[in-house]
Each structure stands twice: as C-alpha cells, then as structure tokens.
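Student: These protein sequence lines map, in sequence, to chains A and B. Residue numbering for the first sequence follows the numbering used here, starting at 11 and increasing by one per position. Residue numbering for the second sequence follows the numbering used here, starting at 1301 and increasing by one per position.
Think of the hints as simulated: they come from the structure by calculation, not from any bench. It is possible that part of the hints are untrue.
Residues from chain B that keep clear of chain A, each with C-beta distances beyond 10 Å, as calculated [claimed, not checked]:
#1 S1305
#2 V1382
#3 A1395
#4 K1446
#5 L1562
#6 T1717
#7 Y1728
#8 Y1733
#9 S1737
Think about it this way: if two alpha-carbon atoms lie no more than 30 Å apart in a straight line, the pair counts; the simulated DSSO-like pairs of lysine-lysine are [claimed, not checked]:
#10 B:K1580 <-> A:K14
#11 B:K1547 <-> A:K88
#12 A:K114 <-> A:K137
The beta-carbon is built from N, C-alpha and C at its ideal position, and this holds for glycine as well.
Chain by chain, the residues run as shown.
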Amino acid sequence: MLSKSNARFFFLGGTIVTFAIFLGLSWRTLSVDVPRQTNAQDITPEVVRGKHLWESNNCMGCHTIFGEGAYYAPELTKVMERREEAYVKLLLTSKEPWAPRGRKMVAYGFSDQEAADLIAFLNWCGKADLNGFPAKPKYQHLNTNK
Amino acid sequence: MRYQSQKVAYWFFALSMLLLSLQIIYGFIMGFAHLGYDNLHDFIPFNTARAVHTNLLVVWLLSGFMGAAYYIIPEEAEQELVSVKLAYVQLISLAVVGVVAIVGYHFNYWEGRKFLEIPRPLDFLVVVNVLLFLGLILATLFKGKKRTTTSLVLSMGLLFAALLYLPGMIWFDNQTMDSFFRWWVVHLWVEGVWELIMGGILAFLLIKITGVDREVIEKWLYVIVGLTFISGILGTGHHYYYIGTPKYWLMIGGIFSALEPLAFLGMALFAIAMYRKGEKRHPNKVALNWTLGTAIVSFVGAGLLGVAHTIPQVNLYTHGTLVTAMHGHLAFWGAYAMINLAIISYTMPNLTGRKLYDTGNGTLAFWLSNIGMLGMTVAFGVAGVAQVYLERIVGMEFGVVQQEISVHFAILIVCATMFTVGICVYIYEFVKYGRPSDEAIYLTN
Ligand code: HEM
Ligand code: HEM
Ligand SMILES: [Fe+2]
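Work the whole structure out from these sequences, hints included.
Tutor: Okay, here's the thing in structure tokens:
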C-alpha cells in the first residue's frame, strides 16, 4: 500500500520535474518564438503608446484581443482587416455616444494622435501569428452580412 | 475554538460576506446589459461593472482564505497567533486597498489586464499586505508545537500564491508577453496553488467532521496536490494556444490540461470516501453539505466543464466566448466560493459558541444557491454554444448573434435571482450567529 512518505515523494518529485520543464519551455518561448511570431521588431513607439491606451482605458473590459477579455463587444484582433481605418478612427475620436445594436461603447473622444496610436497597436495585433485564431468561419459564403 | 486569537477569522469572514454581496450586484448589472438594458452605462459602463465583479470575487475569496488560515493554523500548530493586533492591521489594510481599487475602477483608474486590473502602485500595497499576512501565519506555524501536513499544504499554497503574483507585475511592451505572465497569476492560481489552499482546508474539515485518522487523510492530500501540480503546471499551455505563442503548446497544453480533472476527481472521491469511512457523525450538517458539495461541484465546474473546451481543436472556436464564462462561473463557485462557505459554516458555531447546527435555513441556502448557480451555468452554456456556432462557424456578425442569444440572459437573471436568495439566506444565518466570544473556547470542536 502507498505510504505517506511515498505520497509526499510523488508530490515533491512531480512538482519539481514538471516545473523545471515548464520553465525551460517558457524560456524558449519568450526568447525565440514569441519575438518571431509577433514581429517584435515592428513594436514601434506608436504601438507601445497604443497598448498603453488600450490598458489604461480597460478596453479588455468589454472586448477580447487574442481571444482574451470580456464578451460584451466584438473580438478585435482582426478588426483592421474587417473595417476601414477611417471608420475606426471616427469611432475612437467621436464624442457622441455610440451604440451599435444596443451595445453602448464609452465615447472616449480620443485625439487624432491617440487614435493613430491605438490603430497602430491594433494593426500590430492583427499581424501576429496566432496559430490560426480566429478561425475562418466554415459557412461564411452562405452569409449575406459582409 | 481552542485559542483566543482564532477570533480574528470572524472579521475576515465578515468582510468576505460584504464583498460577496457587492459582487452579485455588479453581476446583475452585466446580466441586464447583455439582455439589452445597459441603463447604468453613463455611471457604470460594462468594463467597470466587470472589473468590479471579478476583483470583488478574488478579494472576497482571498479574505476567506486568510480567515481560514487564521482559524486553522493556530489550531493545527497548537499555538496562539503571534500577534492579533497585526492581524487586525492586515485586515483593515486589505479592506482599504480593496475599496480604493474598486472605487478607482469607477473613475477610469485601472490597468485593463483581465483579472489584474489593480493599478501597479496599488499592487505594491497588496504585496506589503500579503507579506504581513504570510509573516504572521508562518511565524505562528514555526513557533508552534506541531507542523501538520494540513497546515504545511495550506501555508505552501498561500506562500506560492503570493510569489506568483509578482510576475504579473512586470511591464511588457509586447501584448503576448504580457498575456504570457498574466496566466502565471490567473491559471497557476486557480489550477495550481489555490488547489493546495482548497485541499488544505478540505483536509482540515474532513478531519474534524468525519473523524477519520489524520494520517490517512493527509496521505491522500499529498496524492491530490501531486496530481494538481503534475497536470496543472504544464496545463498552463491551454492558454498558450492562440495568443502568439508557438505550436508546441497545443500538444503540451492539450495533454496535460486534459489530465487536470483527475485532481478534482481525486478531491471528490476523497471527500466521499472519508465521509463513508468516518465513524463520527458531526452534528454540523450544514458544514458537511458544503464540504461534500465543494468537492463534487468543483469536479463538475472545473474538471468536466474545463475539459469540455480545453482540447485545441475545440478551443479554437470557443476561445473567448460565453462558453468561457459558463465554465468560469461554475468552477469558481464549486471550488473556491463553496470551500469558503464550508469553512465559514464549520467555524461559526465554534467561534461564537452558538450551536445552530443543521438549521432549515442553512440547508435552504445551500440548495437555492447551488441550483441557482447550476441554472446560470446552463444559461451561459446555451448562449455560449449558440454564439460559437453562429459567429465562429456560420460567420454571422457579432452584434447580430448577440441579439439572437440575448433571451438566454433573461433565464440567467431568473436563475441568478434564485442564487441570490440563497446567498441572502446564508448571510442572514451568518449575521444571526452574532460576534465571536471568548466563552466559546473549548466549548466546541
Ligand atoms: C477551480 C478551478 C478553475 C477555475 C476557477 C477556472 C476559471 C477559469 C476562468 C475564470 C477562465 C477565464 C480566464 C480568462 O479568460 O482570463 C478560465 C479559462 C479556461 N479554463 Fe478554467 N478554471 C478552472 C479549472 C480548469 C480546468 C481543470 C480546466 C481544464 C481541464 C480548465 C480549462 C480552461 C480553459 C481551456 C480556459 C480558456 C478558455 C478560453 O480559451 O477562452 N479550467 N477558467
Ligand atoms: C447574480 C449573480 C451573477 C450574475 C448575474 C453574473 C453575471 C456575470 C456576467 C454577465 C459576466 C460577464 C461576462 C462577459 O464578459 O460578458 C460575469 C463574469 C464573471 N463572473 Fe459572474 N455573475 C454572477 C455571480 C458570480 C459568482 C457568484 C461568481 C463566482 C463564484 C462569478 C464569477 C464570474 C467570473 C469568474 C467572471 C469572468 C468570466 C470570464 O471572464 O470568463 N459570478 N458574471
Ligand atoms: Fe487554465
């Protein structure tokens, strides 16, 4: 029968081994793979400012980016492929409340510069290699909404 | 209660109850917003409601864990807490940091990183607070006569939880790296070190309630937390499928996270087996309900509903949809809310000396809240699955789909009301116990 000291050995041994593997993989991921897959060289000062605006206004509190965030408003990873840049700029700079299909977005009234920074951030996000996310819908061709 | 200083636990539990009530209010705000009634938007926009809802959740759970530790550690170590005064300082500073953060969220003072919205300057205060807490717990443990496995596992869980908070405070320019370390906090907490905390509290409760030999219970505790870490650490990979991290995580995350339910299954079987084996029939039936309940519901919410979307091929479509919210609710409820309600139900008679065991209200609260939460889970699940098919597979526009599925939020609100009535009854019972009293020492066990 399993004794208590065997059980303790299972716990400590298992933890140490899996944690060591996890650290090794994380190192490899962060030092080699992520910079390549996310085009780290394209993270310009605009992109960084855009990310900062994204965070300081908690955009993730309604939207998702890379599939992470809230489920109240659309996924934005590929938004710059879906929409014209002028359209995005307009809704970011507008001081008028905006509520497509009843979902209310905060009217931030960003400056032109801020809007450009956010757009740079979203453009950078859209170009990252996410292993196929978001998947192309299978039956898009049956759909009349563009 | 054996030691005077255990009374501190009561105030942490009281703070928990207060924050839980507030959390529920913000849940309703979001439920109504999804239904199309976002009427408070000008004062409490959705992102504020959401940050408050989830942060209050985390703070009340942590406050409950801290209370549990202040109760359990003196009893297990056979040693009064080293300083009661500092424990109150820690309580008050926890409440203050929490309140400042929550108020800040109403004034656009936050960092939009899901679950880690607390701005970094406040993070440092959190760190100081937690260091104080750990100092008190560990000093008591090491000064004490005994160092039981239960108290070691519980303390280890709390210590690692504190350490894992730190990587989440590093600043990155790269969204992917930011996210990478955010999961060291979020995932490695709920699917790692918090399971140690849960396991430690569960073992303590089972020892007290069933009367089974400590050696047997603690042996299985090691097996369970072993399973937790072996599957859960590399299981972090299930958040590294689609965020700009490489493909090998699909394989590693898929395999190891699919093993994670074993730890929760272990907990459920363990609790049931010890209950059957135990000769002692503790009169506190309410605590027994919550103890067995948490072991079983956590297996359903975290284990089964987790595995339902953890395979990469499935997660590609469900990632970041209401399916995630379905799982998030039952997992947090079953594992961490219920273990807190279990330890509170067990300790209240001992802290106050009032033996209100086995009351009708206690049982009512248990069933209403559980059935309500199960109904909410189904409502989120139906909405989520419909969203996945219409938006991700058929390719309909987000907003069109949301309008189609909004009706499920009416059901959600009905079930949430039932849940809330259950919680109100629980809190009513909590208040009815009154304050902790020194006369309760040695009165109960
Ligand atoms: C008590 C334990 C657990 C709790 C409290 C919990 C809670 C949560 C929460 C709140 C999220 C959303 C996180 C975010 O997007 O920031 C999440 C995501 C996820 N959980 Fe869990 N979980 C638990 C256990 C598990 C287990 C055991 C599994 C797998 C077997 C699992 C699988 C997943 C997956 C795959 C996601 C990502 C969903 C997505 O891609 O959107 N969880 N969990
Ligand atoms: C009256 C009760 C409640 C209602 C109406 C409610 C409603 C909601 C809603 C609408 C969301 C936001 C989903 C979105 O982003 O669109 C949410 C998020 C969340 N709630 Fe609740 N909630 C309630 C109680 C609870 C309780 C008791 C818990 C924990 C035990 C909880 C844990 C969570 C978590 C972890 C999230 C984040 C989920 C994720 O990101 O996937 N909620 N809730
Ligand atoms: Fe996870």
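Student: If a hint holds in the structure, say so; if it doesn't, say that too.
Tutor: Tested hints:
1. S1305: The claim stands: S1305 of chain B keeps its Cβ more than 10 Å from every Cβ of chain A (closest is about 29 Å).
2. V1382: With a cut-off of 10 Å, V1382 of chain B remains clear of chain A, as the shortest Cβ separation is near 27 Å.
3. A1395: Holds: least Cβ distance 23 Å, greater than 10 Å.
4. K1446: holds (15 Å)
5. L1562: Label holds. Min Cβ-Cβ 12 Å, cutoff 10 Å.
6. T1717: Non-interface label on T1717 of chain B holds, nearest chain A Cβ at 21 Å vs cutoff 10 Å.
7. Y1728: With a cut-off of 10 Å, Y1728 of chain B remains clear of chain A, as the shortest Cβ separation is near 32 Å.
8. Y1733: Answer for Y1733 of chain B: holds, closest chain A Cβ roughly 36 Å.
9. S1737: About 37 Å separates S1737 of chain B from the closest Cβ of chain A, which puts it past 10 Å; holds.
10. B:K1580 <-> A:K14: holds (23 Å)
11. B:K1547 <-> A:K88: Judged against 30 Å, a Cα distance of about 20 Å means the pair holds.
12. A:K114 <-> A:K137: holds (28 Å)
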